[in-house]
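Each chain is listed here by its residues.
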Amino acid sequence: MALQDCTLTLPAGRVAALVGPNGAGKTTLLHLCAGLLEPTEGDVQVLGRSPRQRTAETLPRLSFVAQDHPLYKSFTAADLLTMGRRLNPRWDNALARSRMQALDIPLNRSVGKLSGGQQAQVALALALGKRPDLLLLDEPLASLDPLARRDFLRTLMDAEAETGMTLLLSSHIIADLERVCDYLIILSASRVQLAGDIQEITQTHWRVIGPRQEVEAAARGQTIIEASHTGRQTTLLVRTDAPIPEPVGETSWAVEEASLEDIVLAYLGQQARESSAQRREMEVAQ
Amino acid sequence: MIWLTWRQHRIEGLVTLSVLVAGSAFLLITGLSMAHSIQDSGLGACVASHPNDYSSACGALAALFLQQYAPLVPFVFALLLFPILLGALIGAPLVAREYEQRTNLLVWMQSVTRTRWLTVKLLLILGASALVGAALLALLTRWYVPIDQFAGRFNQLAFDFSGPVLIASTVMALALGIAMGALTRRTVAAIFLTLALLVGIRILVEFNLRPNYQPLVVVTWPFSQDQPLGSANPPITLGREDWQVSSGFLDAQGNQTHGIHCTSDKQTPLQCAQDAGYRGNYLAYQPAGRFWTFQWIETGIYLAISALAVAVTFWVVRRRLG
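These protein sequence lines map, in sequence, to chains A and B.
Position 259 of the first sequence, counted from 1, bears residue number 259 in my numbering, the numbering being contiguous throughout.
Position 194 of the second sequence, counted from 1, bears residue number 194 in my numbering, the numbering being contiguous throughout.
A hint or two may mislead.
Said to hold, decoys possible - Covered by chain B, per the in silico footprint, the following chain A stretches (three or more residues, Cβ under 8 Å):
| # | segment |
| --- | --- |
| 1 | 31-39 |
| 2 | 57-64 |
| 3 | 72-83 |
| 4 | 88-98 |
To be verified - Okay, the calculated beta carbon distance ranges per label pair:
| # | chain 1 | residue 1 | chain 2 | residue 2 | range |
| --- | --- | --- | --- | --- | --- |
| 5 | B | Leu17 | A | Thr82 | 34 to 40 Å |
| 6 | B | Leu17 | A | Pro89 | 31 to 37 Å |
| 7 | A | Leu95 | B | Pro74 | 53 to 59 Å |
| 8 | B | Trp3 | A | Leu103 | 47 to 53 Å |
| 9 | B | Pro74 | A | Ser98 | 22 to 28 Å |
| 10 | B | Ser18 | A | Ala94 | 34 to 40 Å |
Said to hold, decoys possible - Facing chain A, a subset of chain B residues (Cβ under 7 Å, in silico):
| # | residue |
| --- | --- |
| 11 | Leu4 |
| 12 | Thr5 |
| 13 | Leu106 |
| 14 | Val112 |
| 15 | Leu321 |
Everything labelled a hint here was simulated from the structure, so no lab data went into it.
Glycine included, each C-beta is placed from N, C-alpha and C at the ideal position.
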């Protein structure tokens, strides 16, 4: 069972980051969205269709770049373009071809001989050539060096800006995606921990730092996602829609904006604590 | 899809074609040589003038001829194994390699449904294998014509390449290979599994099933007092198209045996056999008229296995992702 109690809505036109530790179920979620897997329970609606009616009507509007961007290694880039052209009714050959030419990818050499970054670009060009309304990418940056990451993201964002398609990218590190995404889904231990607009998320999460008693008093009534204590100082990560009272007068505590990375780590840490607490309970029960 | 299938398998296709060309060159040369030899030795003329008793009239010439060309049999047998190789080397990796290299995640996300992807591939590959089987059938049938005159086609070797069974067994080899690839999703495992299965099916069919598609016709007759044991003179003469499956002796219980166990050495073999209760000789055969019935029964068996393999492949591909 890779996913449980996983309820999630991705608004159209967003660039969403799907973040979670390895084994959290990111790939399963993407395969469900791509129609490659059918859910054993529950329902998935993609582009307004459920999985059973999906394939014939939805496939042309949907692209998926799997992890490590598999390609037919003995094919040349030109062969892959031909494949895309012959198998996709909405195929835009000029688009796919110009993307490869812009990146100096040789069209008549077998793609197995290209660098990892070039192979990723070929896979992306194939996905974009379908002119999808939804593009799913599974760990697109994991196997790329920093320069190739930058180029890959640039190609991706150019295409997004031109077409306004919906993007869903998975990664186990938010830093990769922070600059390009405006929507965040945190998946951990098979469950959605948080999903929402990134701006909203950063505006409703705060770090409160100071002596333990004063900090806990200030955060009373708010949702505490994570608390960490070092010596005399306590740091709380708090979620709140209402503004936190500013420190008044001679207090030694402070409120500051939480970075997206802090927030992600806090939610992942929360999950880890819960599951270890559950384990302890089970041990006690035994 | 047609283009993609061609692009993925063009090298295999060209190799298959060149093997067929090489095989047909070999069969053409040896075939012509056989035809000449039959004409030059007078064997052809002899068989033509003794249509009913050629085995006694032309036996010496025929034995010489068979001796001369017996070394060819392994080569012909190798050509018959060619479809098994195709099943293992082209069939088994067909789906297995997609899973292994995860290219199924690429191709199933084009605008072609998985079912359609598999349907087109299977139609093309199994269709091509039927063509290969038909080509082998044509080549070997033509090649066998000189031998056919006195050996007939209803025997363990020639039956394999004298009718639709050759086409059906080639299709089955590919279909089974593809199904094993889908089930294991590992190329190497699928290749070995396919080889083992195909050889197993072949042995089972040739030695257990084929001789018994219809009940054997068994002829029995008593020992003859004035002839030595073993040179029994059957009351019927089998034609070249009759398939003699086995012959031997009937023991005291009426069971068919190939040898006689004698404990005493004082008597003649005949007396010994009669003392031990052996009742006489037997000969079991399939009459010539059943040739086409047998061809169609065996074709049906192979096609049924192919259909099962195709069903398994669809089942796996529609359900399994990796």
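Hints violated by the structure (listed by number, smallest first):
5, 8, 9 and 12
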